[in-house]
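Undergrad: This is what each chain is made of:
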Amino acid sequence: MNQVRKQKFLIVGSILAGSIVTVGLLLVAFDKGLNAFITPTEIAEGKVNGSHNFRIGGMVKKGSLVRKGTGTQIEFIATDFNEDIPVVYTGVLPDLFREGQGVTADGHMDASGVFQADTVLAKHDENYMSKEVKAAMDAAEKKKTGKLATEGAHP
Amino acid sequence: MIPELGNFALMLALCLALLQAVLPMAGTYTGSTVWMGLGRPLSAGIWVFMVLAFGCLARSFLHDDFSVAYVARNSNSELPVYYKFAAVWGAHEGSLLLWVLILSSWGYAVSLLSSKLPLDIVARVLSVMGMITAGFLAFMIFTSNPFDRMLLNTPSEGADLNPLLQDFGLTVHPPFLYMGYVGFSVAFAFAIAALLTGRLDAAWARWTRPWTNAAWAFLTIGITLGSWWSYYELGWGGWWFWDPVENVSFMPWLVGTALIHSLAVTEKRGVFKSWTVLLAISAFSLSMLGAFIVRSGVITSVHAFATDPQRGMVLLALLLVIIGASLCLYAIRAPVVKGSAGYAANSREVFLLINNILLVVSTAMILLGTLFPLIHEAIYGEANRVSVGPPYYNTIFIPLMALLAFFLGVSTFSRWKKTSMEHLKSNLKLVLLASVALGIVVPLIVTGGFNPAIMLAVALVLWIVFGLLKDIRDKTANKASRWAGLCGLGRSYYGMQLAHFGVAVLITGICLTSHYSVEQDVRLKPGESISIGDYSFEFGGVVERKGPNYDAQSATINVSKNGKPYRVMNPEKRKYHASGSVQTEAAIDTGFFRDLFTALGDPRGEDAWVVRLHVKPFVFWIWMGAFLMASGGVLALLDRRYRYKPVLLAEAAVQPGSEPQPVAAKAVNT
Chain A
1 MNQVRKQKFL
11 IVGSILAGSI
21 VTVGLLLVAF
31 DKGLNAFITP
41 TEIAEGKVNG
51 SHNFRIGGMV
61 KKGSLVRKGT
71 GTQIEFIATD
81 FNEDIPVVYT
91 GVLPDLFREG
101 QGVTADGHMD
111 ASGVFQADTV
121 LAKHDENYMS
131 KEVKAAMDAA
141 EKKKTGKLAT
151 EGAHP
Chain B
1 MIPELGNFAL
11 MLALCLALLQ
21 AVLPMAGTYT
31 GSTVWMGLGR
41 PLSAGIWVFM
51 VLAFGCLARS
61 FLHDDFSVAY
71 VARNSNSELP
81 VYYKFAAVWG
91 AHEGSLLLWV
101 LILSSWGYAV
111 SLLSSKLPLD
121 IVARVLSVMG
131 MITAGFLAFM
141 IFTSNPFDRM
151 LLNTPSEGAD
161 LNPLLQDFGL
171 TVHPPFLYMG
181 YVGFSVAFAF
191 AIAALLTGRL
201 DAAWARWTRP
211 WTNAAWAFLT
221 IGITLGSWWS
231 YYELGWGGWW
241 FWDPVENVSF
251 MPWLVGTALI
261 HSLAVTEKRG
271 VFKSWTVLLA
281 ISAFSLSMLG
291 AFIVRSGVIT
301 SVHAFATDPQ
311 RGMVLLALLL
321 VIIGASLCLY
331 AIRAPVVKGS
341 AGYAANSREV
351 FLLINNILLV
361 VSTAMILLGT
371 LFPLIHEAIY
381 GEANRVSVGP
391 PYYNTIFIPL
401 MALLAFFLGV
411 STFSRWKKTS
421 MEHLKSNLKL
431 VLLASVALGI
441 VVPLIVTGGF
451 NPAIMLAVAL
461 VLWIVFGLLK
471 DIRDKTANKA
481 SRWAGLCGLG
491 RSYYGMQLAH
501 FGVAVLITGI
511 CLTSHYSVEQ
521 DVRLKPGESI
531 SIGDYSFEFG
541 GVVERKGPNY
551 DAQSATINVS
561 KNGKPYRVMN
571 PEKRKYHASG
581 SVQTEAAIDT
591 GFFRDLFTAL
601 GDPRGEDAWV
611 VRLHVKPFVF
621 WIWMGAFLMA
631 SGGVLALLDR
641 RYRYKPVLLA
651 EAAVQPGSEP
661 QPVAAKAVNT
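Sequences listed follow chains A and B, in order.
1 is the number of the first residue of the first sequence in the working numbering; add one for each residue after it.
1 is the number of the first residue of the second sequence in the working numbering; add one for each residue after it.
Simulated from the structure, these hints should not be mistaken for laboratory data.
Take the hints with a grain of salt, since some may be wrong.
Taking CB as the label site, the calculated pair distances span [what the hints assert, rightly or not]:
#	chain 1	residue 1	chain 2	residue 2	range
1	B	F450	A	G71	24 to 34 Å
2	A	N2	B	I445	47 to 57 Å
3	B	C328	A	L16	38 to 48 Å
4	A	G18	B	E519	33 to 43 Å
5	B	A378	A	E75	28 to 38 Å
6	B	E422	A	N2	14 to 24 Å
Listed below are the simulated BS3-like cross-link pairs for lysine-lysine, each with C-alpha atoms no more than 27 Å apart in a straight line [as the list claims (entries may be wrong)]:
#	chain 1	residue 1	chain 2	residue 2
7	B	K575	B	K564
8	A	K62	B	K575
9	B	K475	B	K418
10	A	K47	A	K32
11	A	K6	B	K429
12	B	K575	A	K8
13	A	K8	B	K418
14	B	K429	B	K470
15	A	K6	B	K417
16	B	K418	A	K68
17	B	K564	B	K525
18	B	K479	B	K525
19	B	K575	A	K61
20	A	K62	A	K47
21	B	K475	A	K6
22	B	K417	B	K479
23	B	K425	B	K470
24	A	K6	B	K425
25	B	K561	B	K575
26	B	K561	B	K479
27	B	K475	A	K8
28	B	K470	A	K68
29	B	K475	B	K425
30	B	K418	B	K470
Per the computed footprint, the stretches of chain B lying under chain A, defined by three or more beta-carbons under 8 Å from a beta-carbon of chain A, are [said to hold, decoys possible]:
#	region
31	174-187
32	373-385
33	431-444
We put the CB at the ideal spot given by N, CA and C, even for glycine.
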């Protein structure tokens with residue numbers, strides 16, 4: 001092979017190798033980091049099978065928060081006012097977490113139908129309802145009455 | 001009266017910005033030096049009126065003028081004076097005012113420091129900056145005016161500043177961040193001017209470099225302050241979350257880093273010209289994309305501003321006009337500014353190209369991850385939402401940065417145009433052996449465990465550090481004395497090495513913190529204690545405490561080290577009077593080699609509380625590394641060659657592909 005060809009071969013080869021590695025990384029990364037957002041109603045409809053991670057959103061049902069014994073475990077119920085899903089979380093809750101407010105959590109369903117949360121998120125603006133929670137509310141409300149639950153809820 | 005004055009100042013600034021956008025540029029086409037010369041006084045005028053407007057808003061805050069809607073929403077008479085001032089940029093409208101003030105300051109700085117530049121270049125640069133300023137001013141005045149009044153139902157008390165923002169870190173974070181974001185507008189304006197004139201040579205790169213360095217250094221500090229703030233204020237003990245809002249500040253930084261390196265090649269070798277221009281356009285476009293994402297509420301994030309879709313649409317339109325117009329111009333004019341010099345596969349040019357590719361690919365991946373939820377929603381509908389979490393970013397970003405660190409070491413030793421393999425081998429053999437050997441041995445001895453990730457990280461850090469030490473040694477070896485050699489090396493060289501050393505420190509901090517942090521959330525009754533490593537944390541109970549505008553539940557945690565009392569820490573939970581919102585205030589003991597982090601959770605009966613206790617080794621090195629990087633950027637822009645006389649600039653312009661002069665020769669020229 002002459003010098004020019006060799007150099008061209010090298011360039012094309014490295015671009016090709018780089019692209020393959022990049023695309024491979026991207027696929028692995030998406031597999032690891034992509035969480036679907038699933039509402040309590042969808043869980044009840046059996047949209048989740050297996051124990052892969054996803055994100056749940058809804059309201060913390062009033063009176064459902066239970067702090068257990070000597071550990072740091074807590075339990076609450078996430079609801080879209082149509083279906084309820086029990087959630088278990090271990091650790092410190094965010095400041096804005098409270099009953100009757102919106103919440104999103106990342107985690108997976110265990111065999112007994114309880115959502116095991118790895119992280120619990122609440123927003124730092126009191127008036128702010130996350131898009132996920134709003135969507136969950138709207139979907140559930142639509143199912144029930146055909147109207148949007150959050151209509152006019154925003155200032 | 002004062003708010004009206006502020007409003008009036010904004011309108012005058014808009015008028016002047018419109019003139020600045022049109023007249024100097026028109027002057028370059030008609031050849032009128034008078035019109036071209038208008039750029040400088042106009043930018044001074046805009047700056048003066050922006051300072052006036054900012055002062056008016058600040059005064060309204062300091063005097064609790066709650067008839068101004070923005071003040072009423074973001075301040076409170078109980079708020080400490082310091083935070084009243086900082087509240088000026090605490091929400092959308094005021095932060096936009098700060099944004100435009102900083103934009104006009106950069107414009108004014110360009111007009112002051114450009115006495116050596118050809119008038120037509122200055123005119124074009126200032127006109128482009130005038131267009132951007134006019135766009136943002138119009139957006140502010142017509143959709144988000146901070147001076148809007150509520151004269152009919154003036155509230156007697158304000159709603160208070162978001163408690164999360166009542167903190168030193170966050171009061172200085174936005175100004176630095178905006179200095180960085182908006183600073184890239186200078187590089188952007190220079191790029192547009194270069195495209196318009198078709199003159200893109202070594203001199204152009206030399207004018208652009210200090211501005212880019214300055215913006216980049218500010219952005220580095222701004223992002224670091226944000227990270228530091230989230231570490232101690234959000235109460236989670238984390239310092240980076242791959243949150244969309246963090247990502248949008250990180251992307252311009254990555255592209256800005258690529259731009260700095262690409263500008264070096266364009267200045268020294270006259271190649272990568274159109275690529276450099278594209279990077280300059282991208283850096284500022286990504287800054288504006290960041291502004292759009294943060295302010296429009298299209299993406300769910302922990303710190304999105306209050307959302308208003310209509311504002312988002314206007315901002316998107318502004319964004320599309322600026323990015324679209326500059327990319328169109330680029331498509332038409334880029335062939336004109338093509339580079340001509342050649343280089344071999346083993347040259348420093350190619351190693352810097354690899355650096356650029358890695359940085360740009362990382363940026364593209366982060367952009368994809370950040371926008372993916374939007375794209376997914378657009379295709380599959382509202383009901384099928386997804387979110388992209390940290391595992392995605394870590395999987396991609398860490399290997400790419402490891403590669404970047406490896407090539408950083410190689411490129412230091414490479415030469416422009418062509419480097420022989422023998423040269424690289426002979427220079428790097430020892431460095432490679434030493435860093436790999438120590439990278440394996442040191443973690444084994446210190447931790448006693450086999451951890452390939454840590455070994456790789458340590459090896460890469462040592463690879464960078466040994467490499468730069470050897471390079472300094474080689475460069476001073478043939479001088480009369482070591483000291484004389486060190487003095488002759490020049491500030492931009494030391495700036496580069498300092499920034500690269502900062503990278504090594506940063507990697508050390510990130511890897512060791514991520515792998516060796518011990519984090520425990522425990523329920524403790526008063527008198528109970530828990531041990532983490534050498535430290536024992538004894539919970540002393542919670543007492544009530546009154547702050548200036550909040551009531552706090554303050555915990556006492558007695559920390560002892562190896563059985564001896566070490567210090568008392570007081571993490572708090574604060575309930576702010578005005579908003580009623582609760583805010584965790586962590587207590588942190590910062591040390592050079594480790595931080596102790598404590599935060600108070602919620603009460604769990606019998607006087608017991610959940611307490612968050614972390615021992616985080618080397619977390620301080622993250623901020624230190626970033627600070628060193630920014631210092632390197634500042635040091636480099638202070639290099640003497642940026643104060644070249646105009647004659648020399650003209651000479652440089654004649655020979656774009658000329659060989660770089662030895663550093664010593666440059667020093668003589670000044």
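Undergrad: Is B:K575 within 27 Å of B:K564, Cα to Cα?
TA: 34 Å, violated
Undergrad: Are B:C328 and A:L16 spaced within 38 to 48 Å by their CB atoms?
TA: 32 Å, violated
Undergrad: Checking one constraint from the list: CA of B:K429 to CA of B:K470, max 27 Å. Satisfied?
TA: 12 Å, holds
Undergrad: Checking one constraint from the list: CA of B:K575 to CA of A:K61, max 27 Å. Satisfied?
TA: Holds, at roughly 23 Å.
Undergrad: Check whether the Cα positions of B:K417 and B:K479 lie no farther apart than 27 Å.
TA: Holds, at about 25 Å.
Undergrad: Taken at face value, is the distance from the CA of B:K470 to the CA of B:K425 at most 27 Å?
TA: Roughly 14 Å separates the two Cα atoms, so the pair holds.
Undergrad: Are A:K47 and A:K32 close enough, with their CA atoms no more than 27 Å apart?
TA: 20 Å, holds
Undergrad: Check whether the Cα positions of B:K470 and A:K68 lie no farther apart than 27 Å.
TA: Violated. B:K470 to A:K68 sits at ~59 Å, over the 27 Å cutoff.
Undergrad: Compare the distance between the alpha carbons of B:K561 and B:K575 with 27 Å, and conclude whether the hinted pair is satisfied.
TA: It is violated: about 32 Å lies between the C-alpha atoms, which goes past 27 Å.
Undergrad: Are A:K6 and B:K425 close enough, with their CA atoms no more than 27 Å apart?
TA: Given that 27 Å is the threshold and the Cα spacing comes to 21 Å, the pair holds.
Undergrad: According to a criterion of three or more residues whose C-beta lies within less than 8 Å of a C-beta of chain A, is the region 373-385 of chain B covered?
TA: holds (count 4)
Undergrad: Does the Cβ distance between B:F450 and A:G71 fall inside 24 to 34 Å?
TA: About 33 Å separates the Cβ atoms of B:F450 and A:G71, which means 24 to 34 Å holds.
Hint violations for this structure: numbers 3, 7, 12, 16, 18, 21, 25, 26, 27, 28, 31, 33, all remaining hints satisfied.
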